Structure formats: C-alpha cells, structure tokens
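Chains as they are written, first to last, in the numbering used here: chain A, 130 to 395; chain B, 19 to 187.
Bear in mind the hints are in silico, worked out from the structure with no lab data behind them.
All values derive from a computational prediction rather than experimental measurement.
Please note: incorrect hints may appear among the correct ones.
Estimated spans, in silico, between C-beta atoms of each pair [to be verified]:
| id | chain 1 | residue 1 | chain 2 | residue 2 | range |
| --- | --- | --- | --- | --- | --- |
| 1 | A | 387 | B | 66 | 27 to 33 Å |
| 2 | A | 363 | B | 69 | 34 to 40 Å |
| 3 | A | 390 | B | 24 | 33 to 39 Å |
With the Cβ distance kept under 10 Å, some of the chain B side facing chain A (calculated, not the full set) [stated by the list, open to error]:
| id | residue |
| --- | --- |
| 4 | 120 |
| 5 | 153 |
| 6 | 155 |
| 7 | 158 |
Glycine included, each C-beta is placed from N, C-alpha and C at the ideal position.
Here is how the chains run, residue by residue.
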Amino acid sequence: MSGQENTSVTQDLLNAFVDGHLDEGERERIAEAIRNDAALAERVNQWQSTRDRLKALHDPVLDEPIPARFCTERNPGLFEPLKRRSLLPARIAASIAMLIFGGIMGWFGHVLYQNQTENPDLVLTDRALSAHTVYTIEVRHPVEVGQDNEQHLIAWLSKRLNHPLKAPDLSSTGFKLVGGRLLPAAGRPAAQLMYEDATGLRLTLYVGNNPSNKETAFRFVSDDGLNAFYWLDREIGYVIVAEVERDRLLEVTKLIYQAFGGPEWN
Amino acid sequence: MADFLTELERCIPYLRRYARALVRDPQVADDLVQDCLERAIDRRSLWRGTGPLKSWLYVIMKNIHRNERRKYATRPTIVSVDDAHSSLATPPGQDGRAALRDVLSALDNLSDDHRDVVILAAIEGLPYSEISQVLDIPIGTVMSRLSRARDALIGAIDPESLEDTKRQR
C-alpha cells in the first residue's frame, strides 16, 4: 500500500471510511487494511477523532429550539419582511398569504388563523394573484371576451367551470366590467373577470377549483401592496384581487359575495 | 410557493449548523442564515427543483459568506474556552476542553479551500458528489483537499503523530 496510485485510491477510501460512506463489504476491507498497518491506523484514528470532535461541537445546533426570528408558527409574518426585500417583482415572486386575525375582519367575524405554510388555499390565491399580475398590465388584450359580449362570456365560463357564474354589477364602487377569460389551473378550467375604474385601476375576480373542498368565511391575503380577499364554497373558490387598500377591496368583495348568493353576515 | 416555504423551514436547523461552523458567533451565524433565506426567496424562480433544496441553500450560504467575509469574519485564531463553551457543546473534563480549543483553532487555521470541504464532509456529512456541486469543484479536487485538510487538522492538534505517519511512507 505504498505506491503513489495506491495511496491516492486508499486516501479516497479512507475519507469515505471515516465519513461512513462505505458499504459493509468495503468497510471491512479497509478495516482489515488498517489493522495490518499501524501508521495507517494511527492516521485514520486521528481523522476519526477529529471528525467526532467537530460533530460533537456542531451537532447540538440541530437540537436547539429554532429562534423566533425563523419560526413561522410563532411568527406568521416570518417571510413577509424577507419577501418585501425581494428584488423580484413581488407579485410574481411570492403570493405568500398573510392571514389577519379576526379583529380586522369585524364585518364577518369568522376569520380563522392558520399556519401559512400548511395552507392549501395558497395554491388558489397564488394562481389568482399571478393571473392578476400577468393580465392587468395588458393594454391591448387584457381579456379574451369583452364586456360588449357579456352574456356570451358568462355563459361560456359557466359552462366550462360547470358552475353558474355572473359578472356582478360593481358600478356603485366605481368598477365596471372589462371582460374575462378562461385560465388553466392544474388541468382544470378557472375563470377571471376583469374590472376597471375611471383611473384605469384594475380588479380581477378569479373563480377556480378549491382543492380543500371546504367552506370558509372571508380571508385576506396581501402581497406587497397587492391585496386579495377570498372565500371558499365547497368545490369552488373565489378570489378578488386589486391594488387597493383593504377597506375598499372589502366593499367590493361584499358586493361580489352577495351577488353569488352568499348569506348575510352580521 | 407553500411547498417551497415548508421545505425551506425544514432546512433551517441544518443551515444554522452550517452557519455556526462557518462563523463562530451564534448571532452572526443566525444573521447569515437570515441573509441566506432572504436570497433564496428572492431567487425562488431560479431553483429548478432538481436535487435537494438543502444543497441549493448551502451554495447560497457559502457564496454569501465568501462575498461578505468582512461582515461575517468572526474567526479569532484563538477561541477562548469560555466562548466556545457558551456557544457550542462542552466535552467533559480538562482534556476535553483542551481538545475543544485545539480543533476549533485548527479549523480556523485551515485555508478557506480546505475548511470549506472539511465542514461539508465532517460536519454536514454531505456525500462527496454533493460537496463537488456545492463548491463547484471536481470530485477529485474535493477528495484531495479533504485528505490534506484532515492531515492539516491533526497536524495542528498533534504534530508528532503526523510526522510519524509521514515517515512510515
């Protein structure tokens, strides 16, 4: 075991031996070689004990409680400040849900807090926020079918979603219908209706599949200035997205909710 | 996105250990982890999902540490036993403390190239192919640096034994 080639091959195996990467057979082979060579044994033992010491010094970090600054359970907005500093356009990069406690949602009073990283609703809101970002910036083709063809638009989308849709009248809030389009959502159809106010500010209503198949009251999500309210009604989820303050968005959401036959909340 | 964040969270203990190996001070180490998480979220769209997320995060952390060595330089050549005691595990007994001081200063005294491979191999326990990817060096280079790093470590702790080993060859 003293030739140059042998030394380098052996060294690779020695490292693997010490780091525990060898299978049983190879381990035994190297152990045997070590037993027959005192100098080699000395070197390997020292490599091993150095490794053991380094691990003993650092492994306890794994068992330390995660500091609050990294813990989303205690700190639900954890990634929010990180996200705000994101260099990518925030709306595209991260539709992270930030769930707000009940007090703010006074009108409904049913907001539930959930650990954001386990929330399957994020899939729905992620799609709605992305679709909003992608299509509201379009000047010439923001929608596929315009409001001049509203009846056809609604009939078409309702049929594809297999769920009755409507384009609620939002004129009392300053928004009027621009039109709508069909969108893919994991192989299933989803619908987006786009509204616009006198300043050209756009709002979208996204209707798609709700994977959790449950009912919820209103929930609020925010992504760096882009706000959204959503609710789930068994197999369908509704998401209203706009770059407006929460209160104004809430007004619009109430109207849409009522238009879709939601019960009065008091 | 939700899956990405969940996976990110699972990696945090490992990132904290890696940062603590790179940067001795626990607060500064956690700052490094925070910077790493920020950048990972920043560049989420660049992660193709091939290979473990943890490897990708190690690369990010390694690059931040390298680029901002001044900010993250807490590598005193002598680590006082009490400092080491408070931030890391304490081996029992007087001999243990001497060994503790020795191995950490020996680690500090390695060249950056050597230290990088030893930390990933001995502390993080990564397979050599993964170390090759994280450090962006051929696997042969990983192996030769690792051997030299290990010899340098034991040389720093116990020079006599290293001499004996060499003489036998």
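These are the hints, each one checked on the structure:
In this structure, residue 387 of chain A and residue 66 of chain B break the distance hint of 27 to 33 Å, their C-beta atoms being roughly 44 Å apart. In this structure the supplied range 34 to 40 Å holds for residue 363 of chain A paired with residue 69 of chain B, their Cβ-Cβ distance being about 39 Å. Checked against the hint of 33 to 39 Å, the pair residue 390 of chain A and residue 24 of chain B passes, with Cβ atoms roughly 35 Å apart. Because the smallest distance between the Cβ of residue 120 of chain B and any Cβ of chain A comes to about 9 Å, under 10 Å, the interface hint for this residue holds.
Of the supplied interface hints, the one on residue 153 of chain B is violated, with its beta-carbon coming no nearer than about 15 Å to a beta-carbon of chain A, more than 10 Å. Against a cut-off of 10 Å between C-beta atoms, the interface hint on residue 155 of chain B is violated, since the closest Cβ of chain A lies about 15 Å away. With its C-beta approaching chain A no nearer than about 9 Å, residue 158 of chain B sits inside the 10 Å limit, and its interface hint holds.
Of the hints listed earlier, those the structure fails to meet are numbers 1, 5, 6, in rising order.
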